[in-house]
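Note that the protein sequences, when read in sequence, are chains A and B. In this text, residue positions in the first sequence follow the working numbering: the first is 96, and each later residue adds one. In this text, residue positions in the second sequence follow the working numbering: the first is 39, and each later residue adds one.
One thing to keep in mind: the hints can contain errors.
[Stated by the list, open to error] Taking CB as the label site, the calculated pair distances span:
| no. | chain 1 | residue 1 | chain 2 | residue 2 | range |
| --- | --- | --- | --- | --- | --- |
| 1 | A | Thr-136 | B | Trp-59 | 28 to 34 angstroms |
| 2 | B | Leu-195 | A | Arg-133 | 40 to 46 angstroms |
| 3 | B | Gln-150 | A | Leu-354 | 41 to 47 angstroms |
| 4 | A | Phe-134 | B | Leu-63 | 30 to 36 angstroms |
| 5 | A | Arg-164 | B | Val-160 | 38 to 44 angstroms |
| 6 | B | Phe-179 | A | Leu-125 | 19 to 25 angstroms |
| 7 | A | Ala-243 | B | Gln-150 | 41 to 47 angstroms |
| 8 | B | Phe-179 | A | Gly-333 | 30 to 36 angstroms |
Note that these hints are calculated values from the structure, not bench results. C-beta atoms are modelled at their ideal positions from N, C-alpha and C, and glycine is treated no differently.
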Amino acid sequence: MSVVGHQPPPFFHRGPAPLARLMFFVALSLLLLVLDLRFHTLEWARQGVALVTYPLQRLASLPLEGHERWNEYLSSLATLEKENVALRRQQLVTANLLLRQEHLELENQRLRALLDMKLRQPVNSQVAEILYSARDPFSRRVILDKGAQQSIAPGQVVIDEMGVIGQVTRVFPLLSEVTLITDKDQAVPVQIVRNGLRAVLFGAGAGNLELRFLAANADVQTGDELVTSGLDDVYLPGLPVAKVTRVDRDTTYAFARILCEPIPGVERHGQVLVLGRREALPPAPPEAESKDRPGKGRRGGK
Amino acid sequence: MMQPTHGSRRILRPVRDWFIWLTLLLAVFLDLIPLGRLPGFPDWVALTLTFWCIRESFKVGMGTAFVLGIVMDVSSGSVMGQHSLAYVLLAFTASGLSRRFLQFPLMQQALQILPLLLATQVVMLITRMSVGSEFPGVEYFLDSFTAALLWYPLTYLLLLPQYQPVEKDENRPI
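Isolated chain B (complex conformation):
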């Protein structure tokens, strides 16, 4: 059976380091767009971080998660350590389960990403509620559902550079 281009068993080119950093930077940028409290706007940093933790668990891990968390803490005006704690736990779980995740087709991967992202939000919720902030409402958890829906297109986009053949050979038979 022919493998579809986005299948996880296709042999890919090695990822370039600068591409990982670029996508993470882009995720931070997307999170900085001041949409206020638009419900359902996904946490792009968490999503991209999960992706790279699963795909490249030796390159992106808890250290990256911590630094990104600090950046998000400052730029979203929340308490220092809130995002970093949640992201570190997310990175740990995602890297630990990366072998397991990659066995599944993309739709089922998305289903398993959802509880991970929800747990990240719950960690942030517990952190803030324990120091007496207000409950943001149930629609706060909508973010994770949108993010899980984005897993499929995101995987395709982020793996796109690795699909390119090493050298273009016009005379190659296949």
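So that you can see chain A by itself, here it is in the shape it has in the complex:
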């Protein structure tokens, strides 16, 4: 029963009290935080907002891109010539290896077939460019200029000419986000080149890496090189990752504290290679197993 004059005049309407509104929005934010961190169910919302802000984002990155192009254009002839000579020399050095690579790969395939081992799947790759590093100061991520439209998928490994840089963790329609191996708690399965010891490498913050869960008397030395072990069916085996810089063996702890430094390319910008996904094949159905590919579809070919 609303009677004229019982309601306050409209210019006094201010909605709910500020404290109530604060509680509402804080609760909503906390809900978002929990949903995103714990359940990872907000990717659709992220995709939607990202699609709307994409034009603005591209526009904002234009001045810097232009600046870079301009610098490239102005780089003198001498530098280019020097670079050209160095590249030619490098190509000549690597040509020898590359020419034999094909031969070796064929041989490997034959030998594997001979030994009845699981054949390695050929991996395709895509060249992408690092646009910029993400603004979030709490993590180490970079943005690539290729996304779902170029069939980039989360989980793909990103390398440069020196070794592993990181892993694609989030894919937008036209961009993708790569978490660098130096990001805290980003894990890479590795093995030591010298003795084949397997371990897991974690980001330790401040651009460092750490080999965790190795016994205090594990055979690790300063200067040991680490390559991916390929045990997780995500990373290809044998890609250089890091080098051991310090080994602390404190007997009060069960594990040794082993610090490593990443390959030099990790914090750099430039062109990278996104390796195709190396998926574990699904287990073969029983009737197909007897046909032509025995042993395939089971993990553990190594």
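For this one, chain A is given, so just place chain B on it according to the hints.
Leaving out everything else, chain B in the frame of chain A:
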């Protein structure tokens, strides 16, 4: 005594809504410039949001802060809810203290903005450190100091449209 043009006691024209939205959009744009981890690059959205929360606390408030926070969460690749939580708290404090802020001259306002912005950064820091992200270093807090330094020129710029007289009268005596 003559009031300087940027004094807070000068009677201003009412603000236009589209101008508020334009400046906020521009702030988002400035924050999207991919400078990586350049220390001392201010959080323009937080700064502009604080300004409008203090000046126009009935038009810009926690709802705007929340939406801007979501946009910043997505575009900076951080956790959903991190910026929105910090911005909502910032908007609440700034709107609540707006009467108090406006009594002071601009330099002292800037001094009082500084702890507000620092608190915003601390909220974000706590949010991320509690889920195990790395500490970004002390230079992370440099952003707020640059932002506080920008308070004076920003106030002048953002109030500029409101300084215009309603109608230009050539024959007006003063």
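So, going through the hints one by one against the coordinates:
1. In this structure the hint that A:Thr-136 and B:Trp-59 lie 28 to 34 angstroms apart at CB holds, the actual value being about 31 angstroms.
2. Between B:Leu-195 and A:Arg-133, the C-beta spacing of about 42 angstroms keeps the proposed range 40 to 46 angstroms intact.
3. Distance hint for B:Gln-150 and A:Leu-354: a CB-CB separation of about 44 angstroms, consistent with the stated range 41 to 47 angstroms.
4. Checked against the given bound of 30 to 36 angstroms, the beta carbons of A:Phe-134 and B:Leu-63, roughly 32 angstroms apart, stay inside it.
5. At roughly 39 angstroms, the beta-carbon separation of A:Arg-164 and B:Val-160 lies within the given 38 to 44 angstroms, and the hint holds.
6. A hinted range of 19 to 25 angstroms for the beta carbons of B:Phe-179 and A:Leu-125 is consistent with their spacing of about 24 angstroms.
7. Roughly 46 angstroms separates the CB atoms of A:Ala-243 and B:Gln-150, a value that falls within the hinted 41 to 47 angstroms.
8. B:Phe-179 and A:Gly-333 have their C-beta atoms about 43 angstroms apart, which leaves the hinted 30 to 36 angstroms range violated.
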